[in-house]
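**Student:** Knowing the structure of chain H, use the given hints to seat chain X on it.
Read top to bottom, the protein sequences are chains H and X. FYI, the UniProt record's numbering numbers position 56 of the first sequence as 56, with every residue one higher than the one before it. FYI, the UniProt record's numbering numbers position 288 of the second sequence as 288, with every residue one higher than the one before it.
Keep in mind that the hints were calculated from the coordinates and are not lab data. Check each hint, because a few of them may be wrong.
Stated by the list, open to error - Every beta carbon over 10 Å from chain H, so not counted as near; a handful from chain X, in silico:
# : residue
1 : 16
2 : 33
3 : 333
4 : 426
5 : 457
Claimed, not checked - For lysine to any residue, the following SDA-like pairs were computed, each having C-alpha atoms within a straight-line distance of at most 20 Å:
#  : chain 1 : residue 1 : chain 2 : residue 2
6  : X       : 219       : H       : 5
7  : X       : 452       : H       : 180
8  : X       : 163       : H       : 9
9  : H       : 443       : X       : 59
10 : H       : 443       : X       : 270
11 : H       : 219       : H       : 134
12 : H       : 452       : X       : 453
13 : X       : 443       : H       : 180
14 : X       : 443       : H       : 363
15 : H       : 452       : H       : 183
16 : H       : 163       : X       : 222
17 : H       : 66        : H       : 50
18 : H       : 443       : X       : 452
19 : X       : 334       : X       : 219
20 : H       : 45        : H       : 5
21 : H       : 9         : H       : 104
22 : H       : 402       : H       : 452
23 : H       : 219       : X       : 467
24 : X       : 448       : H       : 185
25 : X       : 104       : X       : 129
26 : H       : 325       : H       : 292
Since this is a predicted model, take the numbers as computed values, not measurements. Using N, Cα and C, we set each Cβ at its ideal position, and we do this for glycine too.
Each chain, written out:
Number of protein chains: 2
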Amino acid sequence: MESKSPFGKVSAEILAQLAAVVGENHVLTGDGLENYARDEMLGGKSFPPEVAVRPATSDEVSAILKIAERNMIPVTPRGSGTGLSGGAAPIYGGIVLSLERMNKILEIDRNNFTAYVEAGVTLADLLKAVAEQGLHYPIYPGESGSAIGGNVATNAGGMRAVKDGVTRNFVLGLEAVLPSGEIISTGGKYVKCSTAYDLTQLLIGTEGTMAVITRVLLKLVPPPGKTEILFIPFHSLHDAISCVPEILRQGLLPAGIEFMEQDIVRITEQYSGTTIPFREHEAFLLIIVEGANEDEIQQQMDAISPICMSNGAIDIFLPGTERAKRNLMEFREKIYYALQSYGTLDIADVVVPRSAIAEFVESIKQKGVDSGIPIITLGHAGDGNVHICLMGKDPDGTLYGKTKDLMKAICREGVALGGTISGEHGLGFAKRDYLTLAADESKVNLMKRIKKAFDPNGIMNPGKIFGED
Amino acid sequence: MESKSPFGKVSAEILAQLAAVVGENHVLTGDGLENYARDEMLGGKSFPPEVAVRPATSDEVSAILKIAERNMIPVTPRGSGTGLSGGAAPIYGGIVLSLERMNKILEIDRNNFTAYVEAGVTLADLLKAVAEQGLHYPIYPGESGSAIGGNVATNAGGMRAVKDGVTRNFVLGLEAVLPSGEIISTGGKYVKCSTAYDLTQLLIGTEGTMAVITRVLLKLVPPPGKTEILFIPFHSLHDAISCVPEILRQGLLPAGIEFMEQDIVRITEQYSGTTIPFREHEAFLLIIVEGANEDEIQQQMDAISPICMSNGAIDIFLPGTERAKRNLMEFREKIYYALQSYGTLDIADVVVPRSAIAEFVESIKQKGVDSGIPIITLGHAGDGNVHICLMGKDPDGTLYGKTKDLMKAICREGVALGGTISGEHGLGFAKRDYLTLAADESKVNLMKRIKKAFDPNGIMNPGKIFGED
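Isolated chain H (complex conformation):
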């Protein structure tokens, strides 16, 4: 890959220029680079950059980008590196621009329900700070160590999309630095805007391929009221998934509806050393219900429960104590790490119309059987976002081609059912080869022209989203 690279190399002269911007302590070379070489992508290789630079201000980001642009050095922006698609892996070397020092919460505005934060602030720090002001940020992609800038760059989702939406729906404005070094500020503390093009919405989900996001203005909400969790075992995965569209068709809007198969439960129990109730059953729904008070919660539970019972539910388990609720949620959050440690080959992130989930999962299961690669599914049944885990260890790499063929078939099936290939992880490096399954040539070319409007020389996170030309 590097032999045909159009990019320049990071010379000693360039290192000196970078040090003049951020100080020598924040220009990392040598051993420390392994920490900037990859993210949490399953089976992702390490791509150590030539240098990692840690600016403290937007002006420093601007100066770094000017140096990179002048010398045609590829730049890979990095938040916390918790992404799942290799978006933060500097596959062409060059500069990793780490936002880790830009971790200040600049303002929490209680009158306008907004938070203005630097891109390197973690979700955990944001949640703590807004809670202290009696407010809440509802989008939770399942990893509290993730950086807000990364959440924005991937349009991170999570369990709560069915009710609250995704990161995109809570970003009111951005500060971003173009490769030219220009610092632009977009949006503001308002929901309504018909003033020219919406650069905020355009930049969300672009995975660092257009600009470096340096600050984020987020919309906040009042703190959630009461929460209850229903954990519901089913005789079959089909029954579990099929009852979800029925719940939603009735206009009910739980904060989250998750499904998982028995195999996931087993693997996660092994990994975490904990057990969960009804573990012997085939499939499960985990439904999160929120309301202002007990009555509202009870009304929702009274409406949801009979739908589940008449669709093959075996029982409905209410954890009762706060501790038991937390255990269940923590169990859910550990699934990805359990799968990672178990040796999952790859994980799909397809989203389909919620009415098509059962059909999609059944068709994929069959493809797994046909290919000889075991498949386990889980996901966000309420919003149609299905994660399909291709299981098995692949020490000698022989499964790689087969895995990729199966992943391609999964993506193609999702698109055929009216969905698309990534619901929340982003394409990054992991899924870039599948983009053309979801977007025809006109669209891909249009996107590349839009990227050029920001990044004429192609130095911003090259090799991501789009496959090799």
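**Tutor:** Then chain X, alone, in the frame of chain H:
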């Protein structure tokens, strides 16, 4: 303007080509063109196009755009022509591409809560069709004759942004035709998407300057429950506006919070021949409260009422009957037409952070006094979107320069308070000269480069959003 036009003229040969695409009956020249010459912009002049073309399909739109692109003919897309900023006025002549015949509701999906409609479908027809399926589309910009394509092109807002957001928040996907004739389809029946760039969100609010929107996939919701309206007179405008941030700070979320001054009431009463209660008072809030049932409504009213009373409200009027509620809402909807008929010179559409409304309105009132142009204000207090009406008749055009100076000062003040210059009307032709007050050179140039990625020859609705070069 036309003498320096870079554009070609619509020749007889081009007319014949257009007729070959849509049929002679749908290629209008001569007298009928006056109907395609302007929209509802206050004081907007007529700009008859050279030809108006009425395609019936996306393929026909594609063929028309190819003809236009080949001959460098400017194209102005048009829905119902109810816009307020001259966006549909073909100021360079050329082709008006009217979507009026593309008025089919293609699908209402009760399982996924979506509607897929052609761009020329009116809001009234959409609302009727979704209601028949037991569903609802909550964004209501106050003009049921508007076309959905136009709602999308301007990111139309309305009274309900405080709770439900704006058009942007309910568009899941689009079909659009580029000037190259390429037809692209974006998004789908899902909320979560991290698959490359979000062309849906990018196209919303671009006022026909990038592509022609031909189909829209909308998100629907369950029908609203009960609605109650509180109509609240205050001793002063200051009191009325000041109590709004307090309501919202408490986490209450009415479906709408409107404010208006006595002068507006008087003008609208004259225009409509109706009267409203408490008309003798200085200022009013109209608060729309929604809930699943009477209890939820009562809870909200119980929380809102004391805040208003302790902030200078004189009384709280509940219309009681459905008829009385409808009268009040209809009164509110007539305001724009009353202002138009009264001879309002211009109307501002500034949005500011909701906490800054009182400061903004007071500062603007003073500017009105200083300039000698009477000012009346009304607007969406819940979301910070303030309409400022510059009043007076201007038969000889002598007020034009002064009006523009005042409008500039109003926009500048809105931006200084953290807002922007158009909350819901769009810039179109009416506000294009103010764009640079809200966006610096870097941003404007970036937007122009993005436009070029869609429209390299600049034929799409030229002279809109951006001022003259």
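**Student:** State for each hint whether it applies.
**Tutor:** Right, here's what the structure says about each hint:
1. Every CB of chain H lies more than 10 Å from the CB of residue 16 of chain X, the least distance being 28 Å, so the non-interface label holds.
2. Residue 33 of chain X, annotated as away from the interface, keeps every beta carbon of chain H farther than 10 Å; the closest lies near 27 Å.
3. No Cβ of chain H approaches the Cβ of residue 333 of chain X within 10 Å, the least distance being about 18 Å, so the stated non-interface status holds.
4. Listed as a non-interface residue, residue 426 of chain X fails to keep its Cβ farther than 10 Å from every Cβ of chain H; the least gap is roughly 4 Å.
5. Listed as outside the interface, residue 457 of chain X is consistent with that label: its C-beta sits roughly 14 Å from the nearest C-beta of chain H, beyond the 10 Å cut-off.
6. Restraint check for residue 219 of chain X and residue 5 of chain H: not satisfied, since their Cα atoms lie roughly 44 Å apart, outside the 20 Å limit.
7. Straight-line distance between C-alpha atoms of residue 452 of chain X and residue 180 of chain H comes to about 18 Å, which keeps the hinted pair within the 20 Å bound.
8. Restraint check: the Cα-Cα separation between residue 163 of chain X and residue 9 of chain H comes to about 52 Å, which exceeds 20 Å; the hinted pair is violated.
9. In summary, the hint linking residue 443 of chain H to residue 59 of chain X is supported, as the alpha carbons are separated by about 17 Å, within the 20 Å threshold.
10. Between residue 443 of chain H and residue 270 of chain X, the direct Cα distance comes to roughly 53 Å. Violation of the 20 Å bound is thereby established for this hinted pair.
11. For the proposed pair residue 219 of chain H and residue 134 of chain H, the alpha carbon gap of about 14 Å is at most 20 Å, so the pair holds.
12. A C-alpha spacing of about 8 Å is found between residue 452 of chain H and residue 453 of chain X, which places the hinted pair at or below 20 Å, so the restraint holds.
13. Our distance criterion of 20 Å between C-alpha atoms is met by residue 443 of chain X and residue 180 of chain H, whose separation comes to about 12 Å.
14. Restraint check for residue 443 of chain X and residue 363 of chain H: the C-alpha separation of about 47 Å exceeds 20 Å, so the hint is violated.
15. For the given pair, residue 452 of chain H sits about 17 Å from residue 183 of chain H by alpha-carbon distance, which is consistent with the 20 Å threshold.
16. A threshold of 20 Å between alpha carbons decides the hint, and for residue 163 of chain H with residue 222 of chain X the separation of about 13 Å falls inside it, so the pair holds.
17. Distance check on the hinted pair: residue 66 of chain H and residue 50 of chain H sit about 17 Å apart at the alpha-carbon level, within 20 Å; holds.
18. Pair hint residue 443 of chain H plus residue 452 of chain X holds up; C-alpha atoms about 15 Å apart against a cutoff of 20 Å.
19. Among the hinted pairs, residue 334 of chain X with residue 219 of chain X is inconsistent with the structure: their alpha-carbon atoms are about 28 Å apart, more than 20 Å.
20. Restraint check: the Cα-Cα separation between residue 45 of chain H and residue 5 of chain H comes to about 19 Å, which is no more than 20 Å; the hinted pair holds.
21. A hinted pair counts as satisfied when its Cα atoms are at most 20 Å apart, and residue 9 of chain H with residue 104 of chain H does not qualify at roughly 32 Å.
22. Proximity of residue 402 of chain H to residue 452 of chain H is assessed by CA-CA distance (about 35 Å); at most 20 Å being required, the pair is judged violated.
23. Annotation: proposed proximity of residue 219 of chain H to residue 467 of chain X is violated, straight-line Cα distance about 31 Å (limit 20 Å).
24. This hinted pair checks out: residue 448 of chain X and residue 185 of chain H have alpha carbons roughly 16 Å apart, not beyond 20 Å.
25. Taken as a hint, the residue 104 of chain X and residue 129 of chain X pair is honoured in the structure, with Cα atoms around 11 Å apart against an allowance of 20 Å.
26. This hinted pair checks out: residue 325 of chain H and residue 292 of chain H have alpha carbons roughly 18 Å apart, not beyond 20 Å.
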